[in-house]
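Novice: Put the complex together from the two separate chains, hints included.
Protein chains in written order, with the working numbering: chain A, 157 to 371; chain B, 6 to 227.
No lab work stands behind these hints, which were simulated from the structure alone. Heads up, the beta-carbon is just placed ideally off N, CA and C, and yes, glycines get one too. Be aware that a few hints might be false.
Within a straight-line C-alpha distance of at most 16 Å, the following computed EDC-like cross-link-like pairs (lysine to aspartate or glutamate) qualify [said to hold, decoys possible]:
#	chain 1	residue 1	chain 2	residue 2
1	A	K361	B	E205
2	B	K181	B	D57
3	B	K181	B	E54
4	B	K181	B	E53
5	B	K181	B	E51
6	A	K219	A	E208
7	A	K361	B	E51
8	A	K361	B	E48
9	B	K96	B	D171
10	A	K361	B	D204
11	B	K210	B	D192
12	B	K219	B	D122
Negatives, chain B to chain A, calculated, CB over 12 Å [what the hints assert, rightly or not]:
#	residue
13	A25
14	P28
15	I31
16	G47
17	E53
18	Q108
19	N140
20	V199
21	K210
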Amino acid sequence: MNEITSKELAANCTLGGNASFLATVAAQDREDIKLANLMVQQQVLQAERSGEAIHWFDNYQLKLQALAEPVKEEGFDPAVIQMLAQAGQAGSIITQWALQSLTEHMQGLHLFQSSVQRERKRYVQLLPCVTQANGCIVLILHYLDVEVTRSRSGVLALRTKRDDNSLSERLAAITFDPVVFRDAHRQRVFLQITDHNRLMLQQVKLGRRGSPGSR
Amino acid sequence: MQDEFSLWLNGNSLVLASSALGPRRIDDLLDLQLLAYLGSVGEMPEIEEITDWRNIYQAIQASMGCAFTSLYSHPSPSSTHAPLQPLQVLKTGLTQYVPRLSQAAVSRALASLDSLDRQLLQPLCRACITGCQFNAELRLLLPGMQIIGSELWFGSSAPLSCQGPDWRVDHAALGKTSAHTTTYLLDEHLFDSVRDLVDEALLGKREQYRLAVKLSGGRVNE
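Chain B on its own, in the form it takes in the complex (with noise of 0.2 Å):
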């Protein structure tokens, strides 16, 4: 998988980004969705509904050329009385809207998530948790500029910490659970006449809320 993949910790997104974009596209599609995450947290610091969240998560993805998307809900998660496990939600939510062709390889992909480190997710969990609330998406960057962004958002009754992939969260703490996919279509031409003004806003934001991540027998990312 490691040829075909790159991993990245973007703002509260767990991003799984196709070798065949090349280097700029993946860029312009971490920084599409760097910007609409930060935006959104700066829109609304603290989340009520999620559901508003979402708009205007969204909303900043089509300002920069995502005009075109198609939404799915989920079934609670915590409908069960079984823990919930947050990456294993999050992997669910995003393989039945994986186009065939991609299927194999991204399953390879996912497969490797869970022997991550429990250490290097700490800083993506810094930015999936406040407080009580867990925020986060695992988003995967397809060639032809599509995405697929499969979002988990839960509180709690007790303040969350960080965890590793095997993470599970006991029913009985659970609040509002919502899991959402979103499959989005960026139009290259309306990003490039926004590029300006998304470096200009990640100005120095970049180092601060991106990581590349080194998978366990694979290639190290730039």
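The following block holds chain A by itself, in its conformation from the complex (with noise of 0.2 Å):
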């Protein structure tokens, strides 16, 4: 049913991340994932900003879990299953997904998330949404740590890190319910959205250079 082809894939620089859509995925609920995803996006990175300690993907999942629905009895179609445990082996689909949407993003990624960057270190959000037989939208919460170098010739090269420490790599999956989110969630996401864009754009001082319009 998933095909890997014919996906959208929706980019988020500014806070780090991306969603990306199998073809089975209606327009609109595309819309409500990404201004779902841009709300939960913004209050991580504020959390991480002021200092708390959880991880972000613990904080992300969390949050995001909020706005969706509890995992179904049925649970979740054995492809999904299937996508999830074979994650991080090579040549597994949701691997596959993920190294296509980085390399679409390698030459793009010096810029990707580097407000929260720590020295070399930067991390990749992905979030893979699949439609399930019974109409529910599985969102797999895929998160790399990455390390970032760049060769003599300029060109960025890219690895995810391991050490004793840290995962490398996290996965999650929820389901989101379109139906419920438009019901009980849509309206706060986008006030909250603006509220946070309004705060943004206040703090924004404008300077000067020499301009079009001066004669």
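Specialist: Right under this line is the structure:
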């Protein structure tokens, strides 16, 4: 059911992460997921900046889960379970998908999420979205710690990071019911994003330069 | 092309706007760029690292509803020994990301830029050049609130001065160079929700930093 072809990739460079959608995810549902994802990313980034100890991924999962449905009794489709089980293994669908997304953004990666980078360490948050047979959408949260290096020729190189104390890759899946989101959360989410944006804009101080209109 | 696009000098950006957007949305998208540009200049008057400047530029646009973006860096335009042609680099950075349906019209619009009057470009150059640095964008506004911005930044060993469309910068004088394309998708509802703040911030700025350009044989932008 889920071909990797025909997907939409919506990257959010300023907040670090991208959501990608299989063709089976309806347009309005995509917009809702983007909106939910945007608010969650704004909140998680704000928490990160204010020094909250909770790990980015845990906080992200917690906040996104609050906008989604509890896992239904029937659980995930076998195909989704298989995707999750194989994650991280070479050749698995989810890993291919993640790497494809990263490759598409490799060249822009030095801009990607630099606002929370520490030295050369950066992370990438991927959110592939899959429609299940029951109509619910599964959001697969896929987190990667990466190291970015620059070769002599200036070409960026990327590898996933592993050390003894931290996982280089985290994965979770939650179900998202667009109808519930629209009824219960959408308006509040939109208002929170708006409030955040207004606050950001009010802090912008304009500069001056030689200008097209001045003669 | 004149029936399909209007041309604007807007901050440090040369903007081609599809007439299918309608005047109101063209104004919105011009305001979005102008506020992001002036805000970035305010936050970072002197550019030491263009990546930092672009982060600010994109973050301000995100605050106005451009949350979803795609980024593409290009090989350094100064990697060959040929002179750098800023307008051509900007055009190249744009064309490869134009949706197929718009390609023919955009190609015609871009071709017309080569014959722009040198004098006409002087105000844009003043916004793009700061001493020995050049920082400009060629921006395309398409229906569906799609934005494609091709950006070029470079340093020079000597102070730069305003030139025409055929401007060439000698390779020997070039310092750091960076070409980059960003595609944005503006959420109209999110933009409308901050419209009052945008108007407040740009009070008196549009007249100062925006200029409609008359294309030879084409219509005059209002």
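Novice: Report the numbers of all earlier hints that the structure fails to satisfy, in ascending order.
Specialist: Of the numbered hints, 11, 16, 19, 20 and 21 do not hold.
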